[in-house]
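Novice: Residue strings, one per chain:
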Amino acid sequence: MIHSFNRRTLLKAGAAAGATMALPDFLGRTAQAQAAGLNVFSPLPPDPAPPGAAKFSEEAFAKWQADNGATVAYETLAWPQLHDRMATAFASGAAPWDITYNCGWVPEFESFLSPYADTLPKALVDDLPASSFATTTVGGKRYGTVFTLSLLTLFYNKELLEQAGFKEAPKTWDEMKACAKEMTRDGRFGFVLNYGDPAGIGGTASYWMVFLQQAGGKLYGEDGLPSFKSDEGVAALQMIVDLMPSTDPGSISYAGINDATNVLLAGRAGMMMNWPFMWNAANDPKQSQIVGKMTSAILPAGPKGSASIDGTDAWTIVKSSKNQDKAQKLIEFYLDAEVQKRQVLDTGWLPIRLSVLGDPEVQAKAPNAAVVLEQAKHPYDSFVTADYNQVTVAIGTEVQQALQGSKTAAQAIADAHEAVTAIVKRRG
Amino acid sequence: MISTFEQRRRRTGLFFVAPALIVLAAILFYPIVDSILLALQRVQLAGGAVTQQWTGFGNFERLFADAVFWKAARNTAYFSVMEVVLVTFLSLGVALLLNHSFGRSGFFRILLIVPWALAPVANAVLWKWILNANYGVLNGMLKSLGVIENNQVWLGTPFSALNFLLIVDVWKSVPFVALLMLAGLQRVPQSLYRAAYMDGAGPWRSFLHVTLPTMRGVIAIAIVLQTIWSLRVFDLVFVLTRGGPADATVLLNFLAYRVTFNFLDLGYGAAIANIIFALTFLLAAAYVWLLWPREPKGAR
Numbered sequence: 001m002i003h004s005f006n007r008r009t010l011l012k013a014g015a016a017a018g019a020t021m022a023l024p025d026f027l028g029r030t031a032q033a034q035a036a037g038l039n040v041f042s043p044l045p046p047d048p049a050p051p052g053a054a055k056f057s058e059e060a061f062a063k064w065q066a067d068n069g070a071t072v073a074y075e076t077l078a079w080p081q082l083h084d085r086m087a088t089a090f091a092s093g094a095a096p097w098d099i100t101y102n103c104g105w106v107p108e109f110e111s112f113l114s115p116y117a118d119t120l121p122k123a124l125v126d127d128l129p130a131s132s133f134a135t136t137t138v139g140g141k142r143y144g145t146v147f148t149l150s151l152l153t154l155f156y157n158k159e160l161l162e163q164a165g166f167k168e169a170p171k172t173w174d175e176m177k178a179c180a181k182e183m184t185r186d187g188r189f190g191f192v193l194n195y196g197d198p199a200g201i202g203g204t205a206s207y208w209m210v211f212l213q214q215a216g217g218k219l220y221g222e223d224g225l226p227s228f229k230s231d232e233g234v235a236a237l238q239m240i241v242d243l244m245p246s247t248d249p250g251s252i253s254y255a256g257i258n259d260a261t262n263v264l265l266a267g268r269a270g271m272m273m274n275w276p277f278m279w280n281a282a283n284d285p286k287q288s289q290i291v292g293k294m295t296s297a298i299l300p301a302g303p304k305g306s307a308s309i310d311g312t313d314a315w316t317i318v319k320s321s322k323n324q325d326k327a328q329k330l331i332e333f334y335l336d337a338e339v340q341k342r343q344v345l346d347t348g349w350l351p352i353r354l355s356v357l358g359d360p361e362v363q364a365k366a367p368n369a370a371v372v373l374e375q376a377k378h379p380y381d382s383f384v385t386a387d388y389n390q391v392t393v394a395i396g397t398e399v400q401q402a403l404q405g406s407k408t409a410a411q412a413i414a415d416a417h418e419a420v421t422a423i424v425k426r427r428g
Numbered sequence: 001m002i003s004t005f006e007q008r009r010r011r012t013g014l015f016f017v018a019p020a021l022i023v024l025a026a027i028l029f030y031p032i033v034d035s036i037l038l039a040l041q042r043v044q045l046a047g048g049a050v051t052q053q054w055t056g057f058g059n060f061e062r063l064f065a066d067a068v069f070w071k072a073a074r075n076t077a078y079f080s081v082m083e084v085v086l087v088t089f090l091s092l093g094v095a096l097l098l099n100h101s102f103g104r105s106g107f108f109r110i111l112l113i114v115p116w117a118l119a120p121v122a123n124a125v126l127w128k129w130i131l132n133a134n135y136g137v138l139n140g141m142l143k144s145l146g147v148i149e150n151n152q153v154w155l156g157t158p159f160s161a162l163n164f165l166l167i168v169d170v171w172k173s174v175p176f177v178a179l180l181m182l183a184g185l186q187r188v189p190q191s192l193y194r195a196a197y198m199d200g201a202g203p204w205r206s207f208l209h210v211t212l213p214t215m216r217g218v219i220a221i222a223i224v225l226q227t228i229w230s231l232r233v234f235d236l237v238f239v240l241t242r243g244g245p246a247d248a249t250v251l252l253n254f255l256a257y258r259v260t261f262n263f264l265d266l267g268y269g270a271a272i273a274n275i276i277f278a279l280t281f282l283l284a285a286a287y288v289w290l291l292w293p294r295e296p297k298g299a300r
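Line by line, the protein sequences give chains A and B.
First residue of the first sequence? That's 1 in this note's numbering, and the numbers climb one at a time after it.
First residue of the second sequence? That's 1 in this note's numbering, and the numbers climb one at a time after it.
Hints may contain errors.
Here are the simulated SDA-like cross-link-like pairs (lysine to any residue), alpha carbons at most 25 Å apart as the crow flies [as the list claims (entries may be wrong)]:
1) B:LYS128 with A:LYS177
2) A:LYS425 with B:GLU61
3) A:LYS158 with A:LYS177
Bear in mind the hints are in silico, worked out from the structure with no lab data behind them.
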């Protein structure tokens, strides 16, 4: 039948083959359309990440996907790049996610987010600290749910502390200065922190805010204008300046918390303020040379007592998501008691649920949980606003100048106050 | 109207070039125009969208009153001038060594190209560890040689931080410019050296009166290219210092990024970016002018 191989037959055969090849793809797409695909934007571990992105509750996560007919895809980035990636995506109108991580940026991105947290189950909300919604609430609406109790506390090397002649962690500013001074010996320093990057939570300005609250000050007054050109503002900065002779001089160049953490874990510094994840890292022989020597305590009290700042790590839902309900269900899964428990046991990031924080197994594995809970009884405002990055760069840059001795604490605070006032007025 | 063969040839040429011109317009012309328009507006993320409000030259007026902008401009000017001077002299020196009979081995050329071949961010991370105040190789080496007693915080003071950024960028830039100059050196006719030798010129006078004048074009191109590249430095600042300490290492390019993506002040960020664009455009025009084919003097 040689005559059947003419041009028309070949075209027909080609069309049939093409249709056959396209068929499985078509069927596949139909099948995928039935399962909701959720895209989640998350930090890379060791920063706080959800099951599937971090190694915990993986079986429960797979089961949740199967039970809910959903497939979850993660886009993970190193923490310092998260904000800019989100800003670019939102500005271009092409944010591809259903759920995003947020860290003090809720006021900034509020108009791109859904106020889903107003409809969370009552049982869940009742098990969360009411204050945890402070940084995710804008205009009375709750746009996010904090998933880890992440306050700065004091971490210290008890062996170095004892060698310096102290039996317990410093409780006041004066004790802290004395302790840091005594620990500064033999090539080691009493204190270390990352003062290199002025911006954001965990930047230079935010550390000054810790001391500001300990001194009894606030960043903004009732009128919304800056109110830190005060004795408290200057005292807070002076405290950091006074600590500098006992602080690892490299601190001014460390741009990220990991740079400073490495110094503490190598036993080259005695104390630092850090987030709860530090506990697991300090007791992991692969990362730490001070296993078993690390202890934590609440931050030393200033004139008005102890105070801290909140990491504000929260899950938010993007307004443009077509899977709002399923996205909320996934966040509720992230906040499930058992998942929260595995979060702390396997990654070191504390849960936010009060019932899990009180769990004896959690308290045994993460003794710092009790310290963080104690710290939470004191003020911990991060003063987030829509222009938080700009404000913190303005303040942090002045703090850096004071730390280098090119300005006095009073001059730096006055200049920072002027710069932040201009920013707030421009905001309108 | 009857068209000539030349007119038809030009029209056909234009027809064939049109797709490329359209692509170029889409990826070059449109973003440039859009960026200029953005610089004339106040742009905010609000109501789930980008809102734009015309401000005329408001963003540019704001620039002139912004102390951080002027600090970044001074830093950039210092960085660019020093980088061009250092890269030009070092590259010329390296090219002369490579052109010498001892340096003609391919091994040296491969070794030279390594810093240039490194990815910019990888290069910055590498130097971040070299300069680390606690564990850095630089501190370790200098201490073992007895040059310093205690570890130094190389990125800890404004002067030191800016100059270390400069050194790192010079280290990365020298290889390419050196190869450019080596190519220029190899084009110098040997007959000129022989003539100079016959006239009694020593190596220094030969270099001054034969090598340098012959390489004037190559050196000018290297200077213009290096100036353009120095205006574009971003990765080093982002990885090594984030502009600190106290804005001492904020260069214009980094400031444009910070204002645009950290502060979400898109219009103002575009205004800063346009200043950099204008500078780069002028330099690129100088580059094209230098490369433009000319008839030799006296030619008819």
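Novice: Going through the numbered hints above, which ones does this structure break? Give me the numbers in ascending order.
Specialist: 1
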